[in-house]
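In the order they appear, the protein sequences are chains A and B.
Add 14 to the 1-based position in the first sequence for the numbering used here, that's all there is to it.
Add 14 to the 1-based position in the second sequence for the numbering used here, that's all there is to it.
Incorrect hints may have been included.
Which copy is meant is left open, so a pair is good if it fits within one copy or across any two.
[To be verified] Derived lysine-lysine pairs resembling DSS-like cross-links, with alpha carbons at most 27 Å apart:
id, residue 1, residue 2
1, Lys25, Lys339
2, Lys282, Lys320
3, Lys212, Lys354
4, Lys320, Lys238
Keep in mind that the hints were calculated from the coordinates and are not lab data.
Protein chains: 2
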Amino acid sequence: MATIGSGVFIKRDALGEWAKNILVKVGVEDADAGIVADSLLAANLRGVDTHGVTRMLGVYVKRIEAGVMNPVSRFDIVRERAATALIDCHNSIGQPGSRFAMRKTIEKARGTGAAFVATTHSNHYGAAAYWAMMALEHGMIDFSSVNTTATLAPTGGCQAMFGTNPFAIAVPAGKDIPFVLDMATTLVARGRVVLYAKQNKELQPGWAFDAQGRPTTDPRVALKGLLAPMGGYKGYGIAFAVDILSGILTGSNFGKHFPGMLAENLEKPTDVGGVFAAIDIESFMDLDEFSTRMEQVYAEVRSCAKTEGVERIYVPGEIEHAMAKERAQTGIPFPPEIRKEYIELGQRLGVPFPEA
Amino acid sequence: MATIGSGVFIKRDALGEWAKNILVKVGVEDADAGIVADSLLAANLRGVDTHGVTRMLGVYVKRIEAGVMNPVSRFDIVRERAATALIDCHNSIGQPGSRFAMRKTIEKARGTGAAFVATTHSNHYGAAAYWAMMALEHGMIDFSSVNTTATLAPTGGCQAMFGTNPFAIAVPAGKDIPFVLDMATTLVARGRVVLYAKQNKELQPGWAFDAQGRPTTDPRVALKGLLAPMGGYKGYGIAFAVDILSGILTGSNFGKHFPGMLAENLEKPTDVGGVFAAIDIESFMDLDEFSTRMEQVYAEVRSCAKTEGVERIYVPGEIEHAMAKERAQTGIPFPPEIRKEYIELGQRLGVPFPEA
Chain A
15 MATIGSGVFI KRDALGEWAK NILVKVGVED ADAGIVADSL LAANLRGVDT HGVTRMLGVY
75 VKRIEAGVMN PVSRFDIVRE RAATALIDCH NSIGQPGSRF AMRKTIEKAR GTGAAFVATT
135 HSNHYGAAAY WAMMALEHGM IDFSSVNTTA TLAPTGGCQA MFGTNPFAIA VPAGKDIPFV
195 LDMATTLVAR GRVVLYAKQN KELQPGWAFD AQGRPTTDPR VALKGLLAPM GGYKGYGIAF
255 AVDILSGILT GSNFGKHFPG MLAENLEKPT DVGGVFAAID IESFMDLDEF STRMEQVYAE
315 VRSCAKTEGV ERIYVPGEIE HAMAKERAQT GIPFPPEIRK EYIELGQRLG VPFPEA
Chain B
15 MATIGSGVFI KRDALGEWAK NILVKVGVED ADAGIVADSL LAANLRGVDT HGVTRMLGVY
75 VKRIEAGVMN PVSRFDIVRE RAATALIDCH NSIGQPGSRF AMRKTIEKAR GTGAAFVATT
135 HSNHYGAAAY WAMMALEHGM IDFSSVNTTA TLAPTGGCQA MFGTNPFAIA VPAGKDIPFV
195 LDMATTLVAR GRVVLYAKQN KELQPGWAFD AQGRPTTDPR VALKGLLAPM GGYKGYGIAF
255 AVDILSGILT GSNFGKHFPG MLAENLEKPT DVGGVFAAID IESFMDLDEF STRMEQVYAE
315 VRSCAKTEGV ERIYVPGEIE HAMAKERAQT GIPFPPEIRK EYIELGQRLG VPFPEA
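Kindly produce the complete structure, drawing on both the sequences and the hints.
So this is what it looks like as structure tokens:
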């Protein structure tokens, strides 16, 4: 995750309201604008600014205005069985279709015990964790994944063939915070390499390759080259598997076929596919007992012997959870250049960007 | 995977027959002995010798003879819904319960489109790939995972809290070989560290930690310490997630609670949990179309530009597939010390170990 640490802080509710109103101005229907704004705001709250209002709202507006993403959402169920469904999103903005898919997933998992639903011909859907977390209050374990523009090469290759292809797993943990793992299959995010380039900092060995597939620590060289998959051939395999589920199985784009970086492409529909799966915990164990077991493993992990200099051990999602509590108070930081861009966007569309 | 490269080669069929007969001698029923022997032999054929007859048959015999694993399998369905089931294996040898679970998974996925079945109070089940591959001929994508003895620490910790917790994903690919990803969540297998220790070779930086959680390249120090998860906190998160699905959700052992290394423990039932999930491809797309798309992505990956010195790019499972073809001809290599142990075992039980 790439968190912005400083800037002018904008209050949560004001930012969410502004984002929603901006979307309505470019043609998104009211109820859809609400879910898009909420998903982006949730990412900002959790410190995942790469997927927040901070970055993606501007991208969505540009893509809608360029005519390459439909602001008015429409979806059809293409195939459906008791525990599965495939939903064609007709190039709609990603979040309304994802909400529809997650609701279907939850409804089906409640009936059959587990469900696997996918979207096709869709768009960027925000952070994967947002969708996985939707099933938490229903006593379900959830998984979501999405495919994206190729930035990593298969082992031995030096040509981008698969995206960072992120996935998220969310699990309720009784009275404790939920387990939320949301990760890209590259070792580090592209945004982090961009940051190092701006700061003239060397990358750590193993993070990236040049365009010939040779290791590099120069962030500028890496940006023209490739990101390393996590764990070498294992990350390559996981990125490939996510693409099979999200892209190949759904009839969406896959592999090297995406038209440019999702966030920058103003020429074509991106045609991404998303996956939403849920397991109803009560199909296996009473929720109370499961909760007790989750609380126990959390306590054990937190009391694990620590490496020198380490103060605290976190369960997956705990840092983001703490950040969300903090930012609910402080608001979301906007660096000067993004704030300037959004003030101008607000002026152009007649929705003034909120004051600090 | 840890492949043994040399030794005395024993023919496939003779080895499978011998392994089956040995199991029958220690009380495993005929049909069960067949699936256990087949799963171990399949691992050997694929070059995954850590999970083959080579290593695990001896372990199984010792554990059955020590009375900590039931040779006669018995399973009850504890909970069942249209797309899910939980199967109590009553400390049976792992493979018959896993076969029962996979058959249930396939049957359910055929009905509802997708299914998620789990086993509890079970034992080592061989290589995860073997189970995932069972659904291939049914036109299904399959996932299997299992939890195991803790060998990795959470990020910041220096105490083992989670196992290598392997998982496998198998996908049919039309006329081409199937996609088979089978991986542990540690960066390297423990068997590889043992090998380096024997050869007095230094580990690569980042593979392991000492008992205080500090990086080490000394394999002897590493064996008393911890294995690094792949991709740092990402591997920790995945190992944790596999434990939630396989251990916590199923009512089996989890986290740090396993009694010693699975392969060495002769004192207690291991109580591992396994997960078996399948997606029927036709719930999303005609199998023919899916096959064409898989063949296409394989062709694209294989023709990817190569890093200097690389001759060929493989899809996940391709190296193991080639090894299986080779070993079907050559047989399985047995290093002298293992061959000696198995000759003695064969003499003791009255089933002579096959000649080379």
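Tested hints:
1. Lys25 with Lys339: within (13 Å within a copy, 63 Å between copies)
2. Lys282 with Lys320: neither (50 Å within a copy, 29 Å between copies)
3. Lys212 with Lys354: Result: close within a single copy only, 19 Å intra versus 62 Å inter.
4. Lys320 with Lys238: between (39 Å within a copy, 16 Å between copies)
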